[in-house]
Structures are given as C-alpha cells and as structure tokens.
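Number of protein chains: 2
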Amino acid sequence: MNPIRRAMSSSRDCGLFTDHFPWIQSPVIVGAPMRVFSGPRLALAISRSGGLGFIGPGAKPADTATDLDIVRELLRESSAPFGPGDTLPIGVGFQLWNGDLQSATQAVKQYRPCAAWLFAPRNGQEEMDEWTESLRKASPGIHIWHQIGTVRESIEAAESAHRPDVLVIQGIEAGGHGRANDGMGLMALFPEIADQVRNSGMLLIAAGGIADGRGIAAALALGADGVAMGTRFLASTEARISKGYQDEVVRASDAAQSTARTQLYNRLRGTFGWPEQWSPRGIVNKSWHEHQAGVSFDELKTRHDEAAKSGDDGWGPEGRLATYAGGATGLVHGVEDAGVLVSKLRGDARAILNGLGSQ
Amino acid sequence: MNPIRRAMSSSRDCGLFTDHFPWIQSPVIVGAPMRVFSGPRLALAISRSGGLGFIGPGAKPADTATDLDIVRELLRESSAPFGPGDTLPIGVGFQLWNGDLQSATQAVKQYRPCAAWLFAPRNGQEEMDEWTESLRKASPGIHIWHQIGTVRESIEAAESAHRPDVLVIQGIEAGGHGRANDGMGLMALFPEIADQVRNSGMLLIAAGGIADGRGIAAALALGADGVAMGTRFLASTEARISKGYQDEVVRASDAAQSTARTQLYNRLRGTFGWPEQWSPRGIVNKSWHEHQAGVSFDELKTRHDEAAKSGDDGWGPEGRLATYAGGATGLVHGVEDAGVLVSKLRGDARAILNGLGSQ
Numbered sequence: 001m002n003p004i005r006r007a008m009s010s011s012r013d014c015g016l017f018t019d020h021f022p023w024i025q026s027p028v029i030v031g032a033p034m035r036v037f038s039g040p041r042l043a044l045a046i047s048r049s050g051g052l053g054f055i056g057p058g059a060k061p062a063d064t065a066t067d068l069d070i071v072r073e074l075l076r077e078s079s080a081p082f083g084p085g086d087t088l089p090i091g092v093g094f095q096l097w098n099g100d101l102q103s104a105t106q107a108v109k110q111y112r113p114c115a116a117w118l119f120a121p122r123n124g125q126e127e128m129d130e131w132t133e134s135l136r137k138a139s140p141g142i143h144i145w146h147q148i149g150t151v152r153e154s155i156e157a158a159e160s161a162h163r164p165d166v167l168v169i170q171g172i173e174a175g176g177h178g179r180a181n182d183g184m185g186l187m188a189l190f191p192e193i194a195d196q197v198r199n200s201g202m203l204l205i206a207a208g209g210i211a212d213g214r215g216i217a218a219a220l221a222l223g224a225d226g227v228a229m230g231t232r233f234l235a236s237t238e239a240r241i242s243k244g245y246q247d248e249v250v251r252a253s254d255a256a257q258s259t260a261r262t263q264l265y266n267r268l269r270g271t272f273g274w275p276e277q278w279s280p281r282g283i284v285n286k287s288w289h290e291h292q293a294g295v296s297f298d299e300l301k302t303r304h305d306e307a308a309k310s311g312d313d314g315w316g317p318e319g320r321l322a323t324y325a326g327g328a329t330g331l332v333h334g335v336e337d338a339g340v341l342v343s344k345l346r347g348d349a350r351a352i353l354n355g356l357g358s359q
Numbered sequence: 001m002n003p004i005r006r007a008m009s010s011s012r013d014c015g016l017f018t019d020h021f022p023w024i025q026s027p028v029i030v031g032a033p034m035r036v037f038s039g040p041r042l043a044l045a046i047s048r049s050g051g052l053g054f055i056g057p058g059a060k061p062a063d064t065a066t067d068l069d070i071v072r073e074l075l076r077e078s079s080a081p082f083g084p085g086d087t088l089p090i091g092v093g094f095q096l097w098n099g100d101l102q103s104a105t106q107a108v109k110q111y112r113p114c115a116a117w118l119f120a121p122r123n124g125q126e127e128m129d130e131w132t133e134s135l136r137k138a139s140p141g142i143h144i145w146h147q148i149g150t151v152r153e154s155i156e157a158a159e160s161a162h163r164p165d166v167l168v169i170q171g172i173e174a175g176g177h178g179r180a181n182d183g184m185g186l187m188a189l190f191p192e193i194a195d196q197v198r199n200s201g202m203l204l205i206a207a208g209g210i211a212d213g214r215g216i217a218a219a220l221a222l223g224a225d226g227v228a229m230g231t232r233f234l235a236s237t238e239a240r241i242s243k244g245y246q247d248e249v250v251r252a253s254d255a256a257q258s259t260a261r262t263q264l265y266n267r268l269r270g271t272f273g274w275p276e277q278w279s280p281r282g283i284v285n286k287s288w289h290e291h292q293a294g295v296s297f298d299e300l301k302t303r304h305d306e307a308a309k310s311g312d313d314g315w316g317p318e319g320r321l322a323t324y325a326g327g328a329t330g331l332v333h334g335v336e337d338a339g340v341l342v343s344k345l346r347g348d349a350r351a352i353l354n355g356l357g358s359q
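Here the protein sequences come in this chain order: G and F. In terms of UniProt numbering, the first sequence opens at residue 1 and continues consecutively. In terms of UniProt numbering, the second sequence opens at residue 1 and continues consecutively.
Quick caveat, the hints were computed from the structure, so don't treat them as lab data. Take these hints with a grain of salt, some might be off.
With the Cβ distance kept under 7 Å, some of the chain F side facing chain G (calculated, not the full set) [unchecked claim]:
{"id": "1", "residue": "I155"}
{"id": "2", "residue": "D182"}
{"id": "3", "residue": "L186"}
{"id": "4", "residue": "A256"}
Quick list of simulated restraints, FRET-style, between CB atoms [to be verified]:
{"id": "5", "chain 1": "G", "residue 1": "K309", "chain 2": "F", "residue 2": "A351", "range": "57 to 67 Å"}
{"id": "6", "chain 1": "G", "residue 1": "Q292", "chain 2": "F", "residue 2": "Q292", "range": "18 to 28 Å"}
{"id": "7", "chain 1": "F", "residue 1": "K301", "chain 2": "G", "residue 2": "N98", "range": "55 to 65 Å"}
{"id": "8", "chain 1": "F", "residue 1": "P317", "chain 2": "G", "residue 2": "N181", "range": "43 to 53 Å"}
{"id": "9", "chain 1": "F", "residue 1": "Q292", "chain 2": "G", "residue 2": "N199", "range": "28 to 38 Å"}
{"id": "10", "chain 1": "F", "residue 1": "V295", "chain 2": "G", "residue 2": "V340", "range": "43 to 53 Å"}
{"id": "11", "chain 1": "G", "residue 1": "D69", "chain 2": "F", "residue 2": "E276", "range": "15 to 25 Å"}
{"id": "12", "chain 1": "F", "residue 1": "E276", "chain 2": "G", "residue 2": "G334", "range": "28 to 38 Å"}
{"id": "13", "chain 1": "F", "residue 1": "E306", "chain 2": "G", "residue 2": "N181", "range": "25 to 35 Å"}
{"id": "14", "chain 1": "G", "residue 1": "R122", "chain 2": "F", "residue 2": "T271", "range": "20 to 30 Å"}
{"id": "15", "chain 1": "F", "residue 1": "N199", "chain 2": "G", "residue 2": "S242", "range": "50 to 60 Å"}
{"id": "16", "chain 1": "G", "residue 1": "Q292", "chain 2": "F", "residue 2": "D298", "range": "42 to 52 Å"}
{"id": "17", "chain 1": "G", "residue 1": "H333", "chain 2": "F", "residue 2": "A351", "range": "27 to 37 Å"}
In silico contact screen, one side only, chain F against chain G (beta carbon under 10 Å); selected entries [what the hints assert, rightly or not]:
{"id": "18", "residue": "P22"}
{"id": "19", "residue": "S26"}
{"id": "20", "residue": "P27"}
{"id": "21", "residue": "A62"}
{"id": "22", "residue": "V151"}
{"id": "23", "residue": "I172"}
{"id": "24", "residue": "E173"}
{"id": "25", "residue": "M184"}
{"id": "26", "residue": "A188"}
{"id": "27", "residue": "I216"}
{"id": "28", "residue": "A218"}
{"id": "29", "residue": "A221"}
{"id": "30", "residue": "G311"}
{"id": "31", "residue": "A328"}
{"id": "32", "residue": "R346"}
{"id": "33", "residue": "A349"}
Using N, Cα and C, we set each Cβ at its ideal position, and we do this for glycine too.
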C-alpha cells in the first residue's frame with residue numbers, strides 16, 4: 001500500500017485491532033507499559049474506556065503475575081463485558097535485558113493477557129524472537145508487540161521469522177528509556193519506517209511526545225494505526241506513582257530545557273546493566289545540575305539517598321530523585337482519571353481530523 | 001483560541017496568509033531560505049506553484065540584492081500574475097549573526113520581497129527586534145518571520161514590541177543549523193509552543209523533518225498554519241546545489257544513523273563564529289568517521305581540501321565535504337521540479353486529511 005493510502009486508511013474502524021481487541025475504539029489509544037507506574041488499575045481503566053492498557057514490568061519479574069492476578073480480581077468484581085474468551089483485556093510489557101523468560105511465559109500462560117510488549121533485548125532481534133516464540137507457544141493468539149526506535153530494528157523485525165503483530169515506533173521525544181545516541185523525532189522517523197515495513201502486515205503504533213488530541217491526530221496523519229502514551233498517564237489518578245513525582249510531571253514545561261537523556265539517575269538508584277543503546281529521559285533536578293557542575297558521583301549518591309528519605313520533597317526542582325518523563329511533559333497540566341482522559345483525547349483527535357478533513 | 005479549535009481552523013482557506021500572499025494555496029507550503037541552495041529560481045518555482053519560496057542568504061550579504069534582481073528579471077520575462085503591487089512574490093532569509101543589516105534593509109527597500117525570515121541572532125530577541133524594526137520601516141507591510149527552536153524564544157517573540165507576523169517553529173529533526181543542545185522533536189515542541197503563544201496573533205509554521213504529504217498533514221494536525229521544507233527542496237531541479245551533494249541527499253536514509261549535528265564541517269569549510277546555541281545537521285561521511293576515530297583536525301582539513309578539488313566525488317559515503325541535510329532525508333527518493341513537487345505534496349496532504357476526516 002502506498003504511504004498516502006496507508007495514512008488515509010489507518011485507524012478506519014481500527015482495522016485489525018478490532019479482531020484482537022473487540023472493545024477498542026478509534027483512534028486507538030494505548031497506555032504504555034511503564035515500569036512499576038503502569039499497574040493493574042491504570043491498564044484496566046484505559047481498556048475500559050476503549051483504549052488498550054498495558055501493565056509495565058514490576059520491580060522484579062515475579063511482580064507481573066501478581067499484577068495480572070489483580071487484573072483478574074478487578075474484572076471479577078465488575079460486570080464489564082470484555083472478550084474474547086478468558087483473555088484479559090490488558091497487555092503486559094517486558095524489559096528483556098533484565099527480564100525472566102521463564103516466569104514471563106508462565107504468567108502469560110496462566111493469566112492470558114491479550115498482548116505482550118517486548119522491549120530492550122540485550123541481544124537484538126534474536127532475543128526478541130526467542131521471547132516471541134515462547135510467549136506465542138504458551139498463549140496461542142497472544143498479540144506480540146515489539147518496541148523499536150531505529151530504521152534498522154524495524155527492518156530486522158519485518159524480516160524475522162517471528163515477526164511481531166505490532167511495531168511500536170518510538171521517537172526521540174519519548175520519556176523513560178529510548179535510543180541513547182541514535183534517536184530521531186517521530187515526524188521524520190515514523191514515515192520512513194512505515195515505508196520500510198509497508199508489506200510486512202505489522203500494525204504500527206507511534207510513541208514519544210504524544211500527550212493530547214493534536215499529537216494523536218498528527219500520528220494518524222503520519223500513517224500510524226494508533227498511538228501509545230506514557231507521560232500523559234503518569235498524571236492519571238490510577239498511576240502507581242508518588243505524589244511528588246506526579247506533581248513534577250504536571251509542573252514541568254519546556255522539555256528541551258527541563259529534561260535530559262542520561263544514565264545518571266539509573267546509577268543513583270542503583271540500576272546498572274541497561275544495554276548501552278538505551279538511556280532514559282527524565283526531568284532534571286539538583287542531582288543533574290550538580291553532576292554538570294562537577295560534584296562527584298559518591299557525593300551525589302549520598303545526597304540522593306538522603307533525599308529519598310524525604311518523601312514527596314525528593315522530587316521537584318530542589319529534589320534529587322529520578323523523574324523519568326517525556327518531551328510532552330509541557331502538555332500535561334493536571335491529574336485526571338485515565339478513563340476520562342482516553343475518552344476526551346479520542347474525541348479531541350477526532351474533532352481535529354474532522355475539522356481538517358472538511359476544509 | 002483553544003488548541004483543538006486552533007488545529008481545526010488552521011489553514012482553512014489559508015487564513016491570514018492569503019491577505020499577504022494572495023496566490024498561496026492550502027495547505028501552505030514554504031520553501032525554507034537555505035543558504036546559497038535556495039536561489040531565485042527555486043523560490044520562484046515554489047511561489048508559482050501556490051507555495052511561498054524564500055531565497056536564502058548568499059555567500060556574502062551583497063548576494064541578496066543580486067538574487068532579488070534575478071527574481072525581478074524572471075518575473076518580467078513571464079506573464080504570471082502576482083500581487084500585490086510591486087511586491088516580489090518571494091521571501092528572503094537572513095542569518096543575523098553574520099548578516100549586514102544595512103545592506104539587508106537596502107535590498108528589502110529596493111526590491112520589496114513579500115517577507116523576510118530572520119534567524120540566528122547573536123544577541124537574541126533584541127537583535128531580532130532591531131532587524132524587524134528596520135525592515136518594516138524600509139518596506140512597510142513586509143511580513144516578518146522569526147525562526148525559533150525553543151519555548152523560551154517563542155515567548156520572547158510573542159512578548160516583543162516588534163513581534164513577528166510568523167513564528168517558524170523548528171524541530172530537532174531539521175537539517176542545516178538548528179538548536180545545538182536544547183532541541184526537541186516537533187511532535188512535542190510544536191503544540192507546547194502553540195499553547196504558549198496562542199493569543200499573540202502570530203501565524204505558526206512547522207519546520208524540521210517534513211518532506212512529504214504525511215508530514216504536512218501531521219503538522220496541520222498539530223495546529224500549524226503551514227509547513228516549511230528544506231531538505232525536500234535540496235532534491236529539486238532548481239536548487240543551487242552540486243550534483244554530488246544532491247545525489248547524496250537522494251541516496252541517504254535512516255537519518256538517525258546517517259546524519260549528525262556537529263560543527264566539524266563548518267570548521268572544515270572555514271566557517272567560524274556561529275553562536276554556540278546552534279549547530280548544523282548533515283549527512284556524515286569520511287570526515288566525520290575519521291574525526292570520530294581520532295584523526296587530527298589539521299589532517300582532516302588537508303584531506304577535506306583535497307576532496308574539494310574532486311568535484312562531485314567530494315560527497316557521498318566516501319566523500320569528505322559538508323552535506324547539510326535533515327532527518328527527512330530518508331523520505332527523499334528523487335530529484336523533481338519544485339513546482340510539481342509543491343503541487344503533488346499539497347494534494348497528498350489534502351488526500352490524507354480528507355481520508356482521516358471522513359472516518
């Protein structure tokens with residue numbers, strides 16, 4: 001399909017998404033699997049509102065099963081119709097480099113989330129393939145999503161014998177972990193990848209820097225079949241996040257000035273081992289500014305650990321704790337219920353596209 | 001106006017653009033004032049096709065008057081209707097840090113280009129204001145455009161007593177000179193700036209990473225009143241560019257891998273003095289790779305100057321010459337007449353928006 005036709009037909013009655021996620025509404029809005037922050041309540045609120053929510057990896061691999069169990073309980077408590085069969089209407093995200101394939105496979109087999117979002121392998125496509133094969137075997141029909149950020153990764157995914165169902169194309173604007181040194185803005189990255197994988201049959205989700213109806217409409221115009229958002233959902237009632245952190249996401253603006261991609265906060269938190277091709281974007285604070293000013297890591301670590309005891313004061317411009325957030329943080333002005341948000345953003349995007357289409 | 005209404009109403013019959021540029025068609029497509037590359041024939045071809053072409057700065061300030069004189073001659077040779085009055089239907093771009101206000105003012109007064117695009121002041125908004133005031137006095141009614149890349153610059157422009165008519169919002173994807181260390185992808189940058197300057201009355205042009213109908217449609221969805229493109233027009237028949245350079249723009253793909261923001265090529269070319277807040281994106285070649293590998297600047301300079309004598313072979317993966325281009329280089333697959341291109345891209349963008357709007 002040529003790019004124009006692809007863009008024109010994208011998201012028309014959600015296309016192939018509806019086959020797998022019958023509750024989903026157009027435009028397709030996905031809640032990204034943010035580590036710890038995207039818990040059962042957030043994911044379910046997004047799906048209940050016609051989107052698709054993902055649970056993020058937990059602090060340890062075993063947390064995934066715990067979270068999926070909570071989803072199942074929450075569904076039992078409500079009478080909301082979801083299908084098909086015994087599939088849970090939420091997806092689950094895995095970070096491959098520090099994940100555990102055995103427990104992931106077991107969790108997927110036992111709880112049957114409708115989709116699995118794979119990211120950050122230590123060994124590239126080969127590791128993506130290993131996980132994909134194992135999860136599909138454990139839960140036939142599970143929708144497999146691969147998150148990538150470069151043209152090369154997209155080609156590897158398209159050519160793989162274990163090709164994913166969905167490619168999540170993440171621009172440099174994104175918060176949390178993304179490409180460290182070879183990222184590109186979605187405006188240029190997305191269409192080039194779309195052209196490269198045009199005949200693969202994969203659905204394409206745009207991610208990075210999208211936080212309102214304008215970004216959603218723009219992503220659809222680029223040819224996306226839907227969008228994933230992270231930062232916007234950090235500022236939701238259901239996010240599993242400290243108030244001090246959340247307040248800072250709401251407060252921060254001008255992300256080019258107020259955020260940076262750096263491993264510093266990973267190191268301060270004691271997180272080591274991320275493969276070097278990824279680094280996280282976060283809102284900068286005293287840890288970063290003092291690091292820039294030449295204060296030693298040991299001293300920064302001492303001050304960081306002290307700040308960690310101060311509760312919500314640990315975040316903010318005078319704080320020192322990691323505050324991962326994306327380039328769209330300046331578009332987030334308040335905390336809202338995720339379900340209300342999904343519904344509103346979908347309406348905003350539709351209104352923009354209807355307005356532009358009728359000119 | 002709220003962001004949704006703004007996005008919905010953007011470019012509706014070109015809004016205020018039509019008042020100043022009566023030939024312009026929707027969606028508004030602007031040819032960026034690329035230094036040297038954007039000459040009289042390129043600018044005029046774009047305007048003649050219902051866009052708005054800008055002439056870039058020349059190798060020296062006096063070249064602007066020479067180029068404007070050529071535009072006037074070309075118009076005399078044709079019977080194409082343009083208005084209004086004795087205004088030339090093309091704009092002219094100035095780099096302020098190495099520009100010459102006196103000769104710029106004289107050229108604008110004598111030739112009356114319809115618009116002036118100001119970029120890269122050494123002294124921020126104050127210098128933008130000085131130029132704006134002088135050009136408006138010399139040519140009353142001239143449309144003044146300011147190119148910016150940060151939220152802070154947009155606020156300064158909006159609050160200025162010499163507020164421009166148009167703000168060109170340039171994302172990190174852009175080729176040539178843009179923000180060196182505090183850029184952001186358009187997807188997040190544009191809407192945040194649009195919100196900041198909502199009540200200023202300035203029209204907003206999106207620039208950076210846009211090279212086809214998808215990018216144009218996406219920019220309109222973000223709320224842009226039009227788009228500016230540079231890299232796409234490097235690969236036009238009328239661009240004032242060497243064939244070796246142009247071939248490389250057509251060849252290159254995967255800009256996150258194949259381009260870099262670096263001052264290296266400026267230095268190799270003997271261009272010094274760019275204010276440090278800007279640096280250029282270009283397609284990398286042997287100069288860059290050997291620089292990365294630790295070859296001394298003096299040696300690179302010798303090899304570069306030798307390559308400069310080799311004609312079109314000076315560009316390409318085995319070449320050494322500066323090849324400024326943007327993140328959308330992977331969307332450019334051939335050289336086309338600029339007028340044909342403008343018309344085609346406008347149609348593609350409309351088709352995408354009509355398709356999405358009717359869902």
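Going through the hints against the structure:
1. I155: violated, 9 Å
2. D182: holds, 5 Å
3. L186: Holds. Min distance 5 Å.
4. A256: With a closest approach of 4 Å, the A256 of chain F hint holds.
5. G:K309 to F:A351: 57 to 67 Å: holds, 58 Å
6. G:Q292 to F:Q292: 18 to 28 Å: holds, 24 Å
7. F:K301 to G:N98: 55 to 65 Å: violated, 46 Å
8. F:P317 to G:N181: 43 to 53 Å: violated, 20 Å
9. F:Q292 to G:N199: 28 to 38 Å: holds, 35 Å
10. F:V295 to G:V340: 43 to 53 Å: At 58 Å between Cβs, range violated.
11. G:D69 to F:E276: 15 to 25 Å: violated, 54 Å
12. F:E276 to G:G334: 28 to 38 Å: holds, 37 Å
13. F:E306 to G:N181: 25 to 35 Å: holds, 30 Å
14. G:R122 to F:T271: 20 to 30 Å: Once the Cβ atoms are compared, 42 Å apart, the range 20 to 30 Å for T271 of chain F and R122 of chain G is violated.
15. F:N199 to G:S242: 50 to 60 Å: The hinted range 50 to 60 Å is violated for N199 of chain F and S242 of chain G, with Cβ atoms some 35 Å apart.
16. G:Q292 to F:D298: 42 to 52 Å: The hinted range 42 to 52 Å is violated for Q292 of chain G and D298 of chain F, with Cβ atoms some 31 Å apart.
17. G:H333 to F:A351: 27 to 37 Å: holds, 34 Å
18. P22: This interface hint is violated because 18 Å lies over the 10 Å limit.
19. S26: holds, 7 Å
20. P27: holds, 9 Å
21. A62: It is violated, given that the least Cβ distance between A62 of chain F and chain G is near 35 Å, above 10 Å.
22. V151: holds, 4 Å
23. I172: Status holds, d = 5 Å.
24. E173: Constraint on E173 of chain F satisfied, holds at 4 Å.
25. M184: Cβ of M184 of chain F sits 4 Å from chain G, so the hint holds.
26. A188: holds, 3 Å
27. I216: This hint holds: I216 of chain F lies near chain G, its Cβ roughly 8 Å from the closest one there, short of 10 Å.
28. A218: Constraint on A218 of chain F satisfied, holds at 4 Å.
29. A221: Since chain G brings a Cβ to about 4 Å from A221 of chain F, closer than 10 Å, the hint holds.
30. G311: Constraint on G311 of chain F not satisfied, violated at 30 Å.
31. A328: holds, 5 Å
32. R346: Result: violated, 12 Å to nearest chain G Cβ.
33. A349: Holds, about 8 Å.
Hint check: violations occur at hints 1, 7, 8, 10, 11, 14, 15, 16, 18, 21, 30, 32; the rest are consistent with the structure.
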